[in-house]
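*Asks:* Put chains U and A on the given structure of chain V with help from the hints.
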Amino acid sequence: MADPFQEVIEKLKTWGRVNSPWAIHFNSGSCNGCDIEILATLTPRYDVERFGIKLQGSPRHADVLICTGPVSLQARDRLIRTYEQMPEPKFVIAVGSCAISGGVFQGLYNVVGDVSEVIPVNVYVPGCPPRPDAIIFGVVQLLKSLQG
Amino acid sequence: METNHVPEKFIVSIGPQHPALKEPGHFEFTVDGEVVTNATARLGFVHRGMEKGTEGRNYVQDLYLMERVCGICSHVHAMAFALGVEKLAGVQAPPRAQAIRELIAELERIHSHLLWLGVAAHEGGFDTLFMFSWRDRETVMDLLELISGNRVNYSANVLGGVKIDINEKQKDAMHKGMDFLEERTEHYMKVVTEDETFLGRTRNIGLMTKDQAELLGAVGPTSRASGVPHDVRVDSPYAGYADFPVKLITEPAGDLEARFVVRINELFESYRLVREIIDHLPEGELTVRVPRRIPEGETVSRVEAPRGELFYFMKSNGTDKPDRVKVRTPSLCNWASVLTLAVGHKLADMPMILAGIDPCFSCNDRMVTINRGNDSQVWSWEDLRKYGIDYYK
Amino acid sequence: MVKKKVLTPEELLQAGKEALQSWILSENTPENNRLDVVIQTAEIKNCVRALVNAKWGYLSAITALDSPEYTLVEGSNDKVIVPDKGNVELLYHFCNGAAIITMRMKLPYANAAIDSICEVIPSATLYEREASELLGVDFIGTPSTEHLLLPDEWPVNVYPLRKSFTGLEKQNKVEEK
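Residue numbers (our numbering), protein chains in the order written: chain V, 5 to 152; chain U, 12 to 404; chain A, 198 to 374.
A portion of the hints provided could be inaccurate.
With beta-carbon atoms standing in for the labels, derived distance ranges [claimed, not checked]:
1) A:251 x U:106: 55 to 61 Å
2) U:355 x A:280: 46 to 52 Å
3) A:222 x U:306: 40 to 46 Å
4) U:205 x V:56: 36 to 42 Å
5) U:191 x V:51: 18 to 24 Å
6) A:279 x U:258: 53 to 59 Å
7) U:214 x A:341: 30 to 36 Å
8) A:273 x U:179: 57 to 63 Å
9) U:391 x A:274: 25 to 31 Å
10) A:267 x U:101: 24 to 30 Å
11) A:203 x U:160: 38 to 44 Å
12) V:149 x U:179: 44 to 50 Å
13) A:277 x U:258: 52 to 58 Å
14) U:184 x A:316: 50 to 56 Å
Since the hints were derived computationally from the structure, they do not count as laboratory data. We put the beta carbon where it would ideally sit given N, CA and C, even for glycine.
Bound-form chain V, shown alone (with noise of 0.2 Å):
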């Protein structure tokens, strides 16, 4: 039997998490667009952090790690140290269709291609490169799926 106490801290800290989840954002080899589009969404238009996201440097004090690229040779080790850096619980969101299966850059000799086989992934949001609105929704079902 769940221990009633136990209960509410799950709820506190599930509420903490969604109101205001700290994000890092990690380019694994991405042409730029899409990193573009989620710069974007931290502009006025967009603004994202009326959400209570907030976009921050270390993997220690994220919850959220936002992966865009197709994993190239080279990140692909630096990806997952970030990812094992980062506290439990951690949630990935894999942003552009790169880091869902590699995109136009499916095969090359120099990418792995999908970032779930590097790590965990929660929530892909597609599109080459998917707009700000779509990055933004995508963050938003994570939220929703963290409060259920």
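*Replies:* This is chains U and A only, laid out in the frame that chain V set:
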């Protein structure tokens, strides 16, 4: 903690890593006190193997591939590729298509320069300028989406021409957009040339003389800000540039301020060109037929990307797949120049100096190794950026 | 004020050709603004210096091409690569306005070595590193042979832009044989 002995340098990676894996330091600065005495960079983080990829795909597929060399200047890559294929095939795209190619290239230059303005400002701690310029940039993103259906990767080029046309309503929207942006850009020019704090971080910093720029092989606005009069649109007009010429814009000072001024002046010139093209868009077809198999030959295709000269060498072998496509991006030229330039400057100036060449923005999480005497530290880019901002407070 | 006369591409090419005259083995004008000259591998530094001293344009890129030797598979029309017998072709592209002069040399796989031109043009180091790691050219005296693009762990003597390279997994299978 593991130490690797390299002549004259001590590289110690700090941080939780597996001892066997070396941190791929993207930038490495050796400093003596505050002054940088050596700077190197490792590129290759974004190396995907595209040139090899072109050999296994046909020309049509390769057009889609080359669009994605860089998301910020996707159109100029596709255009350089398409122009090259057309030369090899011995055909010329019709005038309306060439004019539309130029139109989109200039709209792309506008989005790229505004993007850069914001990012460079952010590197220096001027986040208000970042927010404003990116908000204004949405105007040109909307225009690009209006005419092509996508904000990034507009995919306007086909082999033999373009696949999108411009109607009257779109022309009106573009006029309005250019008017708005021109007014906003006048404001940015004032900030960049008159704001004391801004000038404190840009005037007389990152100096590169004309001779240095030429010797180090700098291209684009970086070299034009040192007075080097090279611009592929002027030297070797392509697409619509013979009919709709552009003015060569240079600045003599060669410092960071000059690099800002050149790009802002290029914005004004792009606004003018966009208006000119839509007011005088030639009538006619949008495409010319290009055969599936391209006759044997070699060609060179050079275009002026927002960052400078983009160089494509293409070799065909009579089949529907290229034999070789070689891409030399402008950023490659500018890395060499800026790393040499960095020597003698303060560490605190590095973020702005590096931003000043408008590098491919991809390595947002690039790591920086700082070597100081016998000690080495690994910083994140954020750390270096904050260091610069705090230094100048 | 006298306006400086803008030279046509043909005039520019003529001037460049004169600067390189003593080393040209053969030449070709594939397009009206392009001049290809074949020179001896050993003369590359002299030729580059000649263009630099004549202030003829700037080095825009160095292209490395794989030119393998092919043979027909017995009893079919399929070509296969003859190992170890091909060439790497190097193209040094200098641009001056619309004019482009390309200096070309073929280096046999067995001796794919050429002098570095970094003494004359320091920024050429990035181009030399790229050609070296992707096509296996040895630039004698080049200041750095650190990988520019390929990962450090990339297998030695495996050059991805050679036609014989078809992927790392296949490469590993070949080596296991």
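*Asks:* Against each hint, give a clear statement of whether it holds in the structure.
*Replies:* Quick rundown of the hints versus the structure:
no.	hint	in the structure
1	A:251 x U:106: 55 to 61 Å	37 Å, violated
2	U:355 x A:280: 46 to 52 Å	50 Å, holds
3	A:222 x U:306: 40 to 46 Å	26 Å, violated
4	U:205 x V:56: 36 to 42 Å	37 Å, holds
5	U:191 x V:51: 18 to 24 Å	20 Å, holds
6	A:279 x U:258: 53 to 59 Å	54 Å, holds
7	U:214 x A:341: 30 to 36 Å	34 Å, holds
8	A:273 x U:179: 57 to 63 Å	59 Å, holds
9	U:391 x A:274: 25 to 31 Å	57 Å, violated
10	A:267 x U:101: 24 to 30 Å	27 Å, holds
11	A:203 x U:160: 38 to 44 Å	40 Å, holds
12	V:149 x U:179: 44 to 50 Å	46 Å, holds
13	A:277 x U:258: 52 to 58 Å	55 Å, holds
14	U:184 x A:316: 50 to 56 Å	54 Å, holds
Checked against the numbered hints above, the structure breaks hints 1, 3, 9 and satisfies the rest.
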